[in-house]
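Please work from the sequences and hints to get the whole structure.
Numbering-wise (UniProt numbering), the sequence shown opens with residue 1 and increments by one.
Check each hint, because a few of them may be wrong.
Below, simulated SDA-like cross-link-like pairs (lysine to any residue); rule was C-alpha separation at most 25 Å, straight line [stated by the list, open to error]:
id	residue 1	residue 2
1	Lys-169	Cys-530
2	Lys-141	His-261
3	Lys-469	Leu-66
4	Lys-170	Tyr-461
5	Lys-161	Ser-104
6	Lys-377	Met-513
7	Lys-465	Thr-438
8	Lys-287	Ser-256
9	Lys-429	Arg-412
10	Lys-361	Gly-563
11	Lys-242	Val-620
12	Lys-146	Val-121
13	Lys-377	Ser-348
14	Lys-170	Ile-204
15	Lys-266	Lys-169
16	Lys-469	Met-513
17	Lys-377	Glu-456
18	Lys-161	Leu-20
19	Lys-429	Ile-312
Source of the hints: derived by calculation from the structure; they are not laboratory data.
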Amino acid sequence: MSSLRGLYGHKGDTAGQDNLGVDYVICFKVPPKERAEAEAGFVQVVESLTRVGLATEVRSHDAEALLLFVKVASADLLARHVYRSRLQDWLGGVRTSGPESDVSRSLREEPVTEAERLRIVYQIITRPANEGGAGVTESAKSGPSKHVAAVFPLHDQAFNKAWIQKWSKKYTIDQADIDEIRDKFGEDVAFYFAFLRSYFRWLIFPSAFGFACWLLLGQFSYVYTLGIGLWSVVFLEYWKQKEVDLAVQWGVRGVSAIQQHRPEFKWDFEAEDAVTGEPKRVYPQTKRLQTQLLQIPFALACVVALGGLVVICNSLEIFINEVYDGPFKQYLGFLPTILLVVFTPTFSAVLMGAANVLTDKENYETTDSYHAALVQKQFVLNFMTSYMALFFTAFVYTPFGHVLLPVLEFWRKTAQVVTFSNKALPTQKFHINAQRITSQMFYFTVTAQIVNFATEVIVPYVTHKATAKAKELQGKKPPTQDAAEEVEFLKRVRDECELEVYDVTGDYREMVMQFGYLSLFSVAWPLAACCFLVNNWVELRSDALKIAISCRRPIPWRSDSIGPWLTAIGFLSWLGSVTSSAIVYLCSGSLNGARGTTSQFTAWGVLLSILLAEHFYLAVQQAVRYVMSKVESPGLQRERKERYLMKKKLIHENLGEEAAEKASAPGVETTDKITRASLEEEARQASVRGQGTAEELFWQHQRGMQETIIIGRRLIEQGASETGNKQGDPAPSPRA
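Structure follows, in structure tokens:
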């Protein structure tokens, strides 16, 4: 991999690093067979962009594509769009207070971040014309946008260079670094890095605790099971509060409810919104629920296809490594792995296609809800491919290994048939390998993490460089000569156009699956947390490097949480408490050879361990939630303060200072200033004195604050002198 200096140039060399005011680049394909249609579409795209106030410039990409550069034509237009966006946030309940009516003052008090600017410009480009946008999208299958291949912002090369250099020299990432990511790449990416940072810091306890248990107690320890269960509950509840705190701090709490609508949404009828009174497009929830019920057969299909594949390959691997004793054994051991590598992506692709079709049929209104539903189905697939082999080892092979004897005999007969030999295959007696699950955990926690790093960062970068070099050798150059002052800039833009699209979902999936390994199976190898701690220190920096050099700059979308992945973590945390206790009960005797055969007490013992673990988990969860609810986070304090100041401001603006003062103490005189009106009021009060109800007579004795003070002082003086003058004159009445 090239050095940072090679990637970004030498110090002081800024050629090509300045984005020249470009907000977005649109890659427009011009296929030779559709040149006339593409030309007409290009004209309409430029007209649409200009109509909404965007300036454009076009350059050549190659012989079959154009680069259309887009920026906001005027600062006033951007200011109006920013103001409108913030006003909509306030109406939607995202902001506690609305922006100032003076637009320029509002932007001075709350400057526009780069992420906010790019998000709003992207919405101007992609929103339909009836919503004030240009309607230019890269997902259109027809119309003027049919040939739009990509819409992406350019990387800030100076920031990327400083970002990577700073993080590579820091041992820990602080909140200021996360805020910096939020300002550059938006809350969606910032939430991922905030979660990874928190998760990394919280891994310190299970790492130290697991290392101690590994030294003192070994595998399958109830003490370790108890500790890791407590840790997972506390971490989950902490993060729930932390993400709310971050959402309030970044001003995006509740933003998922007002995110962009899906153009593919198909509504059945319009109804009046109960809150706003405006017409609202509705798709009946009952119809969606009927489609969602198809998730049950989808989950069963995942279990049968992927689970069956894992069982077949694992049983074959057990036969080859632990029963077969013939020639080529060292080579045949790779056969199960090859089968998994070939068939797992195939089955996953088919099932993922079914998941996409099913999610489309569920017809969600917003992008966030659609994404959440799709992630839930992806999680089922990832769960089967990631954990099924370990479940097989922990719940079948280690405790009940002899149950596999008929399966192993099937493989022996199959091998006998395949060899076309009448001579019996050389075999050995089957013995349960108590260290099998430890070896599997080592692979998933060490080897797989290294492979994942290579496939995430190194392989895409090398592939991109190889592709660029191949194009250069093939002579695929722009049909026109670039201006001398634009050569470096356009070269960088063409390179970025060929990069992969960054998907934060993949990074979330990796961390959530890792959390599952820790909570579900680390009882078999307590050092797993230590490996994850080291891996995640590297992961924080490698993900930053991936965004900077291996992917296009992501669209800075907003979010108010980690989305459906929080539900997945909660599920894995609960399942981990149940699974770990069952694994300890079933496998704790495997190290001394006591397991491997069934027992009449096994079913009751497993059931009892599961019930105790689940009830313990739920009790601890409620206790932690209660404690967390008593601790108010800085973000919630800030939100309460903003709401209070907003109400105070409304009172001041709508009622005025005088009314506000009266509202604070109604009917109480605050000054002894004598005016003609006050004298007339006193005369009126005197004329009616002694008349009225008992309540009115009671309040007529003293005229205002000053008389109350005078009478009160007189009563105090008389009370003090009463003991010394027992036969003195009686005290005057308060009526005086």
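Going through the hints against the structure:
1. Only pairs whose Cα atoms come within 25 Å are accepted, and Lys-169 paired with Cys-530 is accepted, the gap being roughly 22 Å.
2. For the given pair, Lys-141 sits about 18 Å from His-261 by alpha-carbon distance, which is consistent with the 25 Å threshold.
3. Distance check on the hinted pair: Lys-469 and Leu-66 sit about 20 Å apart at the alpha-carbon level, within 25 Å; holds.
4. Among the hinted pairs, Lys-170 with Tyr-461 is consistent with the structure: their alpha-carbon atoms are about 24 Å apart, no more than 25 Å.
5. Note on Lys-161 and Ser-104: the hinted pairing is violated, with a Cα-Cα distance of about 33 Å set against a maximum of 25 Å.
6. Proximity of Lys-377 to Met-513 is assessed by CA-CA distance (about 14 Å); at most 25 Å being required, the pair is judged to hold.
7. Under the criterion of a C-alpha separation no larger than 25 Å, the hint pairing Lys-465 with Thr-438 is inconsistent with the structure, at around 39 Å.
8. Among the hinted pairs, Lys-287 with Ser-256 is consistent with the structure: their alpha-carbon atoms are about 23 Å apart, no more than 25 Å.
9. Proposed proximity of Lys-429 and Arg-412 is supported: the alpha carbons are some 13 Å apart, at most 25 Å.
10. A distance of roughly 21 Å separates the Cα atoms of Lys-361 and Gly-563; the hinted pair therefore holds under the 25 Å criterion.
11. Using a Cα cut-off of 25 Å, the hinted pair Lys-242 and Val-620 holds, with the two alpha carbons roughly 19 Å apart.
12. A distance of roughly 20 Å separates the Cα atoms of Lys-146 and Val-121; the hinted pair therefore holds under the 25 Å criterion.
13. A distance of roughly 11 Å separates the Cα atoms of Lys-377 and Ser-348; the hinted pair therefore holds under the 25 Å criterion.
14. Distance restraint check for Lys-170 and Ile-204: the Cα-Cα separation of roughly 18 Å lies within the 25 Å cut-off, and the hinted pair is therefore satisfied.
15. Among the hinted pairs, Lys-266 with Lys-169 is inconsistent with the structure: their alpha-carbon atoms are about 51 Å apart, more than 25 Å.
16. Taken as a hint, the Lys-469 and Met-513 pair is broken in the structure, with Cα atoms around 36 Å apart against an allowance of 25 Å.
17. As the CA atoms of Lys-377 and Glu-456 are separated by approximately 23 Å, the hinted pair is consistent with the 25 Å bound.
18. Pair hint Lys-161 plus Leu-20 holds up; C-alpha atoms about 18 Å apart against a cutoff of 25 Å.
19. Distance restraint check for Lys-429 and Ile-312: the Cα-Cα separation of roughly 20 Å lies within the 25 Å cut-off, and the hinted pair is therefore satisfied.
In this structure, the hints that do not hold are numbers 5, 7, 15, 16, in rising order.
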